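Taken in sequence, the protein lines are chains V and P. Sequential numbering from 1 applies to the first sequence in my numbering. Sequential numbering from 502 applies to the second sequence in my numbering.
Source of the hints: derived by calculation from the structure; they are not laboratory data. Note that the structure is a prediction, hence the values are computed from the model and not measured. It cannot be assumed that every hint is accurate.
[As the list claims (entries may be wrong)] Cross-link-like lysine-lysine pairs, in silico, DSBU-like; alpha carbons within 35 Å at most: (1) V:457 <-> V:379; (2) V:196 <-> P:732; (3) V:133 <-> V:392; (4) V:201 <-> P:588; (5) P:588 <-> V:200; (6) V:132 <-> P:732; (7) P:588 <-> V:379; (8) V:132 <-> V:260; (9) V:392 <-> P:682; (10) P:682 <-> V:201; (11) V:207 <-> V:501; (12) V:482 <-> V:207; (13) P:732 <-> V:501.
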Amino acid sequence: MKRLTLTLGLLAMLAAASLGLAQKSGGTLIAAWAQDPVSLDPQVTSAYSSFQVLENVLDTLVALDQQDKIVPSLASSWESSADGLTWTFHLRHDVKFSNGRPMTAQDVVYTYDRMLDPKTGSGNAYLLAGVKKVTAPDDYTVQFRLGAPNVALLGHLAVNKSVGIIAKESVENGTIKTQPIGTGPFMISDFEPGQKVVLKKNPYYWKQGLPYLNEVDIQIIKDESVRQTALLSGDIDWAISVPPQSLDQLRNAQGVVVDKTTAGAYWYIGVNLRNQYLKNPKVREAINYAINRKDITTAMTFGTGEPTQDPIPSSSAWAYNYAPYSYDPAKAKQLLAEAGYPDGFRMMIMPTTQYPESVRGAQVIQQELGQVGIKVTIKTLEWAQWLQEEGKGNYDTYVCSWNGLVDPDDYFYAQQKTGEVFNFTGYSNPKVDKLLSEGRRTQGFDQRKAIYQQVNKMVVDDAPYIYLYNPANINAYRSYVKGYAARPDQAVNFSQTWLDK
Amino acid sequence: MSLRYLLQRLGTLLLVLFGVSILTFSIMPLVPGSPARVTLGVQATDASVAALEHQMGLDRPLVTQYWTWVTGIVLHGDFGDSLISGKPITEQVRHRLPATLILAFAALLIGLIIAIPSGIVSALRPGSARDLGVSLMSQIGVSIPDFWLGILLILVFAQYLHWLPSSGYAPISEGLGAYLKHILLPAATAGVISGSIMARFVRSAMMEVLGNDYVRTARAKGLDPRRVIGKHVLRNAAITIVTIVGLQMATLLSSIVVVEIIFAWPGLGSMALNATLQRDYPVLQASVLLFATSFAVINLLTDLSYVLLDPSVEYA
C-alpha cells in the first residue's frame, strides 16, 4: 500500500512537471489518415474519417472530455425542465466563426433545423430523436422542445461532430461538403479528395492562446505498411492507425510513441433473425458457445482488442461485464440437436474488404462453426456493395462494428429497439423496448445503470448480435508531438497539440 | 501522310470515346451500391438514401443524366461535380492528369533505359551467360507484382537508407530536387516491371534483324560492329520496338493505378479507384474517358511515328 502511495505521488509529480512544460506555438503537423473523408457535410456523412477532420473544425454545445464526461463547450450551462420536455442551453458570448462572424443562438437553430429537415437526408438525425422544435428566445439562449423525455439527448449533443454548429454561409454558397465553416480551433483551407485536407489555425478561436499549431496537413495514406514506414522515416509526424501486427516494432523504435486506449466501440456478428435457422434462439445460443472469442480477437486485432460477450468495454463506467457463454463446442452441438439440427445447416457470413479484419474474423468463425456442423460460406464484398446488402437485409450473418459510443443508450437504442433506424437484424423484444424508453426518461446514474443492466442481459441472451470484442484506439506519432492523447471516442483533436522541436 | 487520314483517325477517336461514355454510363447503375449509401455509411435509412439521391440528381432518367453530362463537357469543358465531395471534377483533373502523365513518362523512360541496352546485349550473344542473366532478371521483373515491388523499394530506400521519401508528391514549385526525389520510387516501380517485359521484345526484334543478309554483308565488309548495330540493326528493329512500347503504355497505365495508390500519388489512377469504391459516377466517368483518350492518342502517335522511322510507310 505504501509503495502504491509512493508510486501515485511520483506519478502526480511527473504529471505536474509535464504540465509545467512550456508549450511552443507554431509549426505544421503532418498527419496521416487511413481513409478518405467521405464528404465533410457533418450532418450527412457517418464516416469516422470525416468526423476526425471535423473534430478540429466544429464545436458542439456540450463536449466530452478525455474520460467521456460531458463538459461545457459552446454552451456554458444548461438545464432541463422538471418534466424533461424542455432543455435550455445558455451560450457563451465570445464565440466567432472562422470567418469572423459572431455565433448566436440563431446559428444553433439553423444547424438543427437543417439536420431535422428530411430534405437534407441526414443520416445522423436520429441523434435528435424526440426533438420537436429548436428555438432561440434570445441571442444567447437555445431551447429544445421534446415530444417525450430523452436523457440521452445531452450525450447525443456531444457524441461527435455531426451535431457541430455550422455557419449557414457554407450551406448557402454550396461549400458544406468541402469547407464547412465552424467555430473550432482550425478551419479547412484545402480539401483534395483522396489526397489531403489542409487545416489552418482559426484566428477567431474563442479559447485564448489555442491552438498552438499554425497548420495541420492531413495526408491520406491508405496502405498501412506505407503509413508505418512514413512514420518511422519521419515523413509524417502522426498516424491515425498502424498495422497492429507491428506494434512491438513501433514501440521499440526510437522517437515513436504508440498511444493506445480502449475504444467505446465493439465488433459483432449481426444475425438476420428472418433466416429460417437463425430465428431459433437455441441456434444463436449454439453459435455463442461454438465460437472462441479469444482466437477471433487475436486474428482480427493481433491481440490489441479485448474479447467480450456484451457491448460496453470494461473501462467504461457503464460496464457490466456480463459473460454467460464459454467456448464449448460439445455444448453447441447439443444445443443444435435440441433445436432440431443435429447435422447442422448452411449459412452465409458477409465481411467487407473495407475492414480487412472482418475478413480475417469471418475465416476463423467459418472454421469454428464448421466444427459443430454449421457449414459457413464467406461472401466478401467491397464497401459500397456491402452497405447495400446489409441495409436491405440480404445476408444471414455479417461482421461489423459500432464506434464512438458513450452513453448506454448509444449501445442499444437505435440498434436493438423494434423498428428503429439501425435495427437491421429484425430483433424485437417488447421488454427491451420498454426498458430502452424508460432509460431515456430516467434521471440519475444509478437508476439508469440498473435499467441498462437488464437491457444488456436480455440482448446478450437473445443474441441478435453476437458480441466479439472491444477494439483499441491506437494512434502513433513522433515523440516531439506533445499535448495529444488517443481518446476512447476515437476523436482526433489537435487543439492542444504542439511540436517540441 | 494526308490530312484526310489524320481527320479520319480523329473521327474514329471521337466515335470510340462516345462508345466508351455510353458503356460506362449504362454499366454504372447495374453495379450494386450507391453514392448516397456510401456517404451515409452504416447509418443509412431508406428515407435518407432517397433524399440524397434526389440531391445528387440520381432519380432523374438515365438519358437526362447523360445529356446533362455530355453537354457539360462539350459546351463548357466541365465534367460536373463529385457526388461525394462536391468538388468540381475539372479542377481535380487539371492537377491529376499532369501528375499521371509525368509519372507514366518517367516510368517509360526508366523502362527503356533498362530494356534497350539489356535487349541488345542479350540479342548479340544468344545463349551466352549474359543472355541468360538478362533473361533471368527480366523473368523476375515480369513475375514480381507491382504492389510488392513498391513496398520493397519503400522499405529499402525510405525506411532503411533514408534516401528518398516514402510516398507523396512534391509540386515542382518546391524545387526540382524534391520533385525528382518523390517521383523516383513510383516511376522505378512501374518502370522496372515494364522494362523487363520490353527487354524481351527488344531482344527478339533485334535477333530477327540480326539474321538478315544485309547485316551479314555489313559485317563481312568490315564495318565497325557498333555502326552495324546502331545504324542497320537498331533502326530496322525500331518499328517493332515502337509498336511494343505503344502497347506497353496500356499495361503501364494500369500498373500506374496500383503504383499511385501505394505511393499516395495524386494522379488519375488513385482518383479512378476511389471513385469506383465510392460509386462516385461522374468522377469515374471522367477518369475512364481520360484513360481511354490517353490510350487512343498513344495508339495514334505510335502509328504516326512509323512514317518517321520508315519512309516506305505511307498513310493515305
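Indices of hints not satisfied (ascending): 2, 6, 8, 9, 13
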